[in-house]
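Participant: Here is what each chain is made of, one letter per residue.
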Amino acid sequence: MSTVKTGEPVLLSGNEAVAYGALAAGARFYAGYPITPSSEIAEVMARELPLVGGKFIQMEDEMASLGAVIGASLTGLKSFTATSGPGFSLMQEHVGFAAMAEVPCVVIDVMRGGPSTGLPTKTSQADVMQAKYGSHGDYPSVALVPSSVLECFTLTVKAFNISEKYRVPVVLLSDEIVGHMREKVVLPSQDEVEVVDRIKPTVPPEWYQHYQDSITGVSPMANFGEGYRFHVTGLTHDVYGFPTEKPSEISALLEKFKNKEIHNSRDLTMVEEFCMEDAKICIFAYGSVARSARMAVKILRQCGVKAGMLRPMIVWPFPKIPVENMLERANLVIVPEMNVGQLRKEVERLSNAQDKIHGINVLDPTFITAEQIVDKVRDLRAKNRRTGEYIIG
Amino acid sequence: MKHQMPDLEVSTKVAVRLSGTGGQGLLLAGRILAEAAGIYDGLNVVQTNSYGPEARGGASRSEVVMSKGEVDDLQCRTFDILIALSQKACDAYYGALVDHGALIVDSTNVGVVPTSRAIEIPMTKMAVEECGNKMVTNIIALGALCGFTNLVTLKSLESALKTTVKKDFIELNLKALHLGHDAARDIVKNLPERKRAQVRDYGLIWQQKAHKKSQKNVRKSTANRQAVYA
Chain A
2 MSTVKTGEPV LLSGNEAVAY GALAAGARFY AGYPITPSSE IAEVMARELP
52 LVGGKFIQME DEMASLGAVI GASLTGLKSF TATSGPGFSL MQEHVGFAAM
102 AEVPCVVIDV MRGGPSTGLP TKTSQADVMQ AKYGSHGDYP SVALVPSSVL
152 ECFTLTVKAF NISEKYRVPV VLLSDEIVGH MREKVVLPSQ DEVEVVDRIK
202 PTVPPEWYQH YQDSITGVSP MANFGEGYRF HVTGLTHDVY GFPTEKPSEI
252 SALLEKFKNK EIHNSRDLTM VEEFCMEDAK ICIFAYGSVA RSARMAVKIL
302 RQCGVKAGML RPMIVWPFPK IPVENMLERA NLVIVPEMNV GQLRKEVERL
352 SNAQDKIHGI NVLDPTFITA EQIVDKVRDL RAKNRRTGEY IIG
Chain B
143 MKHQMPDLEV STKVAVRLSG TGGQGLLLAG RILAEAAGIY DGLNVVQTNS
193 YGPEARGGAS RSEVVMSKGE VDDLQCRTFD ILIALSQKAC DAYYGALVDH
243 GALIVDSTNV GVVPTSRAIE IPMTKMAVEE CGNKMVTNII ALGALCGFTN
293 LVTLKSLESA LKTTVKKDFI ELNLKALHLG HDAARDIVKN LPERKRAQVR
343 DYGLIWQQKA HKKSQKNVRK STANRQAVYA
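Taken in order, these protein sequences are the chains called A and B. For any residue, its number in this note's numbering is found by taking its place in the first sequence, counting from 1, and adding 1. For any residue, its number in this note's numbering is found by taking its place in the second sequence, counting from 1, and adding 142.
Distance condition first, Cα-Cα at most 20 Å in a straight line; then the derived SDA-like pairs of lysine to any residue:
hint: 1; chain 1: B; residue 1: Lys304; chain 2: A; residue 2: Thr4
hint: 2; chain 1: A; residue 1: Lys6; chain 2: B; residue 2: Val307
hint: 3; chain 1: B; residue 1: Lys210; chain 2: A; residue 2: Pro10
hint: 4; chain 1: B; residue 1: Lys210; chain 2: A; residue 2: Leu151
hint: 5; chain 1: A; residue 1: Lys377; chain 2: B; residue 2: Arg219
hint: 6; chain 1: B; residue 1: Lys230; chain 2: A; residue 2: Thr367
So the derived label-pair ranges between C-beta atoms look like this:
hint: 7; chain 1: B; residue 1: Gly200; chain 2: A; residue 2: Asp380; range: 31 to 41 Å
hint: 8; chain 1: B; residue 1: Ala238; chain 2: A; residue 2: Asp139; range: 44 to 54 Å
hint: 9; chain 1: B; residue 1: Gly194; chain 2: A; residue 2: Gly138; range: 30 to 40 Å
hint: 10; chain 1: A; residue 1: Gln59; chain 2: B; residue 2: Lys230; range: 29 to 39 Å
hint: 11; chain 1: B; residue 1: Leu333; chain 2: A; residue 2: Pro121; range: 36 to 46 Å
hint: 12; chain 1: A; residue 1: Pro121; chain 2: B; residue 2: Arg259; range: 34 to 44 Å
hint: 13; chain 1: A; residue 1: Leu91; chain 2: B; residue 2: Arg219; range: 35 to 45 Å
hint: 14; chain 1: B; residue 1: Lys304; chain 2: A; residue 2: Gln191; range: 19 to 29 Å
hint: 15; chain 1: A; residue 1: Ile263; chain 2: B; residue 2: Leu296; range: 51 to 61 Å
It should be emphasised that the hints constitute simulated quantities derived from the structure, not laboratory data. Where is the CB? At the ideal position from N, CA and C, for every residue including glycine.
Taking the hints into account, I'd like the entire structure generated from these sequences.
Facilitator: Quick look at the structure:
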């Protein structure tokens, strides 16, 4: 589909891989406003989309970008936009709208230092909570976190698939390091990529309900202009999309949103377990930091310490079961993050022994290295030797 | 079923840092080096950048980590090779260079070198005088790197250059690459006997690393074990 070579090694940056992933997933519309460190995605899409019959628009700002994406998605095109923290803040209004109107779309957020304009060219992981609670109201949020260039490709495809399958906005939380680093990768060819499309209605147009009630929370979706009539609004609506104030209809709608996460939690859990079989010291890491964590596990294992890493590839919905399993057998859990501990608190919430969970929180834009994680384990072990609290090994 | 442990080998790797000011083309140089090592020499590579918000000026650097195995440390603490195109970069990053690491500086911009082992080439001057374009300084640096260390082959650098640089500038860039390479070779040849002995190791970087590692592993794992269990 795209001009990039598949099946042989190429040197790609994370952002380029995201763009090629989107093309492989079938994206045919991009509207965005350039922002460091995500601009390369727009650059590739501007070049590639016209070649496959897609449309690229540079909008006047981020709010309008996601608005255009939602509109394009309603007509049946797989659509997405890319931005960074400040732009993602501006998009939040439309993230909520997309969730309420159940319009599939993908937002790529390449995280940079914040708050506000912050550090345009430096890395951070501080948008994790923004991806979950950024917009108001209770809405289903899905966020994926890649930690390598190849994953930028595969998880972008996955993001589109989830978005189309469940009719939800999906966020891909890349970060500056992953986005800008170049790695040698072998991209899968188009035939090897699984592509999911939205479910189409099978009923005659006059029976069609755009927001049909269903136990899985997913209803078939017709495109605008196909003869199926429906109304799209941000107001709480009935099954046809028209505003409603009936408590039964409102609760049915909000329950449906909740069910999207609950009934599909198995499909929405994606973790990598590295050396976790007999691990007593567990590192819970995601994104670029997970690379350092993997290195740290290797170093610790060489020293005879039973270390392991749990890496969520989907952080929202939070991977409850794998984390609970980890907490059950771990004597020590380390959560290295480039923020004040946004996901550490989520891990703590599932634990009944919070004192065994420790964070490494780096707020300046220096990257967390494997040595820092190993040092932390060593410090904690030294402390625990004295108190004799944990049995580690 | 017994679970098989994943490969836990911490593989031998070489880290190169290209540093200078914004506008000197360090990101492009890093990209070409990564492409040469990764695509044409078949190694695993990770290339990362760090730069300020300015288009020109400000600190800028690019890092390439190459290895025959998996690369997991995206940003290294220490480097085997440092290329410094500005005084500020040279001063700032020399501390992160490993013992016996190679330091290659652009003597047009770097007046004071921190070690006598440093290799000085007037890259900017050469670019202006012999190529007529200041912009190829970065490529001369790559050529010099290749001339000193054999880290990547000249052939793969040429191939990488051809796919990365715009068509009209390939000729000019190839000239700059060879210029840097030849200058480096000349310097090695004409160095006084003692200094040549210091510099000679550069050419054997892969073999040397592998040898060091086999010795170090034993030492390091005992040391680390003691440290972790202390």
